[in-house]
Amino acid sequence: MEKETYALEMKHIVKRFSSFLAVNDISIQVQKGEVHAVCGENGAGKSTLMKVLAGEYPDYEGQIFINGEEIKIDSPTKAKKCGIAIIHQELGLARPITVAENIMSGALPRKKGIFLDRKTLIEKSKVYLKMVGLDYISPNALVSSLSQHEAQLVEIAKALSSNPGILIMDEPTSSLSRDEAKRLFGIIRELTAQGLAVLYISHFLSEVFEISDYITTMRDGKHVDTVKKEDTTSEAVIRNMVGKDIRDFYAERKADVGEVVLQAKSLTRYGFFKNISFEVHEGEILGICGLSGAGRSELARALVGIDVWDEGELFYQGEKIKNRSYSEAIRRNIAYLSEDRKLQGLMLNLPIGENIVSAKTVSQSKTFWYKEKEETGQVKKLMEELQVNPPNTDKITGQLSGGNQQKVLLAKWLMTNPKLLILDEPTRGVDVGAKSMIHEAVKRHVNKGNAAIIISSDLMEVGGLSDRVLILYHGCQRGIIDKEQDNCSEVSLLMLANGDGAGL
Amino acid sequence: MKKKSGLEYIGKFGTYMIVLFLLIAGCLVSDKFLSLTNLVNILDAVSYLGILASGMALVTYCGQSVDLSTPSTIAVASFVSILTLKFGMFPMLFCTLASGVLIGALNGLVIGKFRINTVVWTLAMSFVFAGLIRVVFGSANIYPKEGNVELFEQISRYRVFGFIPLGVIVMVLLMAVLHIFISRSRIGRQFKLVGCSEEVAKYSGINVLKIIVLSFVGSGIAAAVTGLFIASLSISACYNYGTGYEFRAITAVVLSGMVLDGGRGSIAGVFGGVLAIGLLNNIMTLLGLNSFLQNVVTGIVFIVIVWFTNYTTKKLEALNG
Chain A
901 MEKETYALEM KHIVKRFSSF LAVNDISIQV QKGEVHAVCG ENGAGKSTLM
951 KVLAGEYPDY EGQIFINGEE IKIDSPTKAK KCGIAIIHQE LGLARPITVA
1001 ENIMSGALPR KKGIFLDRKT LIEKSKVYLK MVGLDYISPN ALVSSLSQHE
1051 AQLVEIAKAL SSNPGILIMD EPTSSLSRDE AKRLFGIIRE LTAQGLAVLY
1101 ISHFLSEVFE ISDYITTMRD GKHVDTVKKE DTTSEAVIRN MVGKDIRDFY
1151 AERKADVGEV VLQAKSLTRY GFFKNISFEV HEGEILGICG LSGAGRSELA
1201 RALVGIDVWD EGELFYQGEK IKNRSYSEAI RRNIAYLSED RKLQGLMLNL
1251 PIGENIVSAK TVSQSKTFWY KEKEETGQVK KLMEELQVNP PNTDKITGQL
1301 SGGNQQKVLL AKWLMTNPKL LILDEPTRGV DVGAKSMIHE AVKRHVNKGN
1351 AAIIISSDLM EVGGLSDRVL ILYHGCQRGI IDKEQDNCSE VSLLMLANGD
1401 GAGL
Chain B
788 MKKKSGLEYI GKFGTYMIVL FLLIAGCLVS DKFLSLTNLV NILDAVSYLG
838 ILASGMALVT YCGQSVDLST PSTIAVASFV SILTLKFGMF PMLFCTLASG
888 VLIGALNGLV IGKFRINTVV WTLAMSFVFA GLIRVVFGSA NIYPKEGNVE
938 LFEQISRYRV FGFIPLGVIV MVLLMAVLHI FISRSRIGRQ FKLVGCSEEV
988 AKYSGINVLK IIVLSFVGSG IAAAVTGLFI ASLSISACYN YGTGYEFRAI
1038 TAVVLSGMVL DGGRGSIAGV FGGVLAIGLL NNIMTLLGLN SFLQNVVTGI
1088 VFIVIVWFTN YTTKKLEALN G
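Chains as they are written, first to last, in the numbering used here: chain A, 901 to 1404; chain B, 788 to 1108.
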């Protein structure tokens, strides 16, 4: 092949943290108008590599060429000057100020040198809002008034405002529903058509295959493979990421169905969900599927007494109940693994051990004294089963990777030995290895004669794990699909029928 | 790794290092310093502060920063005790404590339920109560006219075994009970979790509102007891009896290693913080510094400690991350 000029070319990039090689000899080329996906488990070095490009680690080794010209990216300002814009996983917007000010914050238009030029500010930000399909939003709206996916799109608009040649996206869809993700892909395609080069990091392989031209896999900081999308399969990519074959990722699980654990009859909460009826048995996993905002989490929170419901009946092990508080549900051995592990799930500044025992010793127990030591054995056993890394109960939870935090969160609720385990997005933003570990643990727990309800935006997860799937659409029950009669692809068909437009 | 454990050690026992340092400094400053009388005097001087600070620490520990309504709670309690003395000792005690419970419950309910900023709300409450007192009673002191005034005087003057003031006993007992409650009981653990993250606590099945109300009630009771002692000491009540106590109590809490974000520190640490303030003031008095200068020094110590705590937490985070 002749020598081509790449929009971005990285040659033998190495980044060390003292003796640890976070990025070990990575070379990637991206052409103009191309989407290049980077896949890998948590801790594979993807984010470090992106930070090198963003100028956050000036002490990297290796060469970076932009449009054929070698450039040493030694500061975020330099990266910006070279036309590199990065959209982080966590939102980087200032919530209390307006959309326009956020978008243009890098270069606020001024008049007479010092005064803010509001008119130009609004006009310019309108252009970028239009680019990301948010022309219905007023530039004067406050960011805090936007929904999460709108905020995510504003973030992209902000990145575009610096007229980048290379756009780096780190898990841009983690907070988006399928529908919203679809829109984002449309936008990415439009941008690449105009010559933008995109580096795309994601855990969602279906997305990677949908949007990218090339796929690079990394493992333990090392480059494993770079292939054209057409020449590979998601199975191959997973194998490359994990380093071993996991054909049994969603292995068949024989449900040994027992008594009814939970039965809901026409549960309704005005404005959130209505007429929800289902049963879940011992040894069974019920999936709940729907877009974000369809009332999934609201339903779960009502079941456990965090929120209320207005009409209908709930039977738990044959007894009619209404949980007046969450601790009442916990004492009935119902656990709810909440959706946002950082805000709702774990005390990030406490050690792993204290987090794992917290629900059991503080909410489930009724003793006057706090007894932590007696639980140590059980905590260690769960950590071993889930392979929490590091296996050290004194480690501060906030220092773990996302996958390990999620394992700790699951361990916290398994500690309460729940008869009914409700999981809300149990593997969001979690790497493939941790994901399968979590799935295995849930299956083991259910096989002991317990029941589980799983809520997830990951259709493959819901379809693969559950015995039956309840479809929610705008708070209404659209039907329950039995796995024995239908299969995953039909689940996706039904989602299609609901206007989601998703394929698996 | 070695550096990290050193910093953790400072975070845990830093207060007592300061206490030790001050003890040594005290011995160097004056040979009267180590006498039993002086040591009892030091404890006596900080006993009211200690009672107040241990209540305030509950609020800080469960993540509600500081209770600035304490000066007015002290004043209200002093009025309640003087006015109800005529009904007898026990009704007086009951009413005084009840005034603290009520003010605390009001603070806790409003802050826990409506998520109003703690500093703003408690500061406003402080103004409202001080104002109300002055509307009703004016700015002059009021004195007890009926009831067992001799016994009332003894609350602040009685010395157990002839030399330990009752206030010191109350402070030590209160702190011991609260220390065990906070560190060992299940409810105490709920305080810690609410202090670390209210949202996570809620999603762990903890009744967050209940815990916040409890913490403010604790602070209210502690302030009421302080008010009772002050009223007994001066045998009167006045709207400004609590002025200045809140800042010294916050200083003691911060000195204890309890950070204002909540969930860290211990009541034993607060005892250390109170001791440090007592020793510092005592040494400054022995050196002959006047009380205004002492305020300046206390203020500077506060700033240095806050800076130092911030510094060590950041260092620790950097080392861990």
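Just so you know, these hints were derived from the structure itself, not from any lab.
Don't take every hint at face value.
Far from chain A, some chain B residues (derived; all Cβ distances over 10 Å) [stated by the list, open to error]:
1) 826
2) 897
3) 908
4) 918
5) 936
6) 983
7) 987
8) 1022
9) 1075
10) 1093
Think about it this way: if two alpha-carbon atoms lie no more than 35 Å apart in a straight line, the pair counts; the simulated DSBU-like pairs of lysine-lysine are [to be verified]:
11) A:1122 / B:1101
12) B:997 / A:1280
13) B:900 / B:819
14) A:1281 / B:1102
15) A:1280 / A:1295
16) A:1165 / B:1101
17) A:1082 / A:1280
18) A:1266 / B:1102
Footprint (simulated), chain A over chain B, 3 or more residues, beta carbon under 8 Å [as the list claims (entries may be wrong)]:
19) 989–1001
20) 1024–1032
For glycine and all other residues, C-beta sits at the position ideal for the given N, C-alpha and C.
If you check each hint against the structure, which ones fail?
Violated: hints 6, 7, 13, 16, 17, 18, 20.
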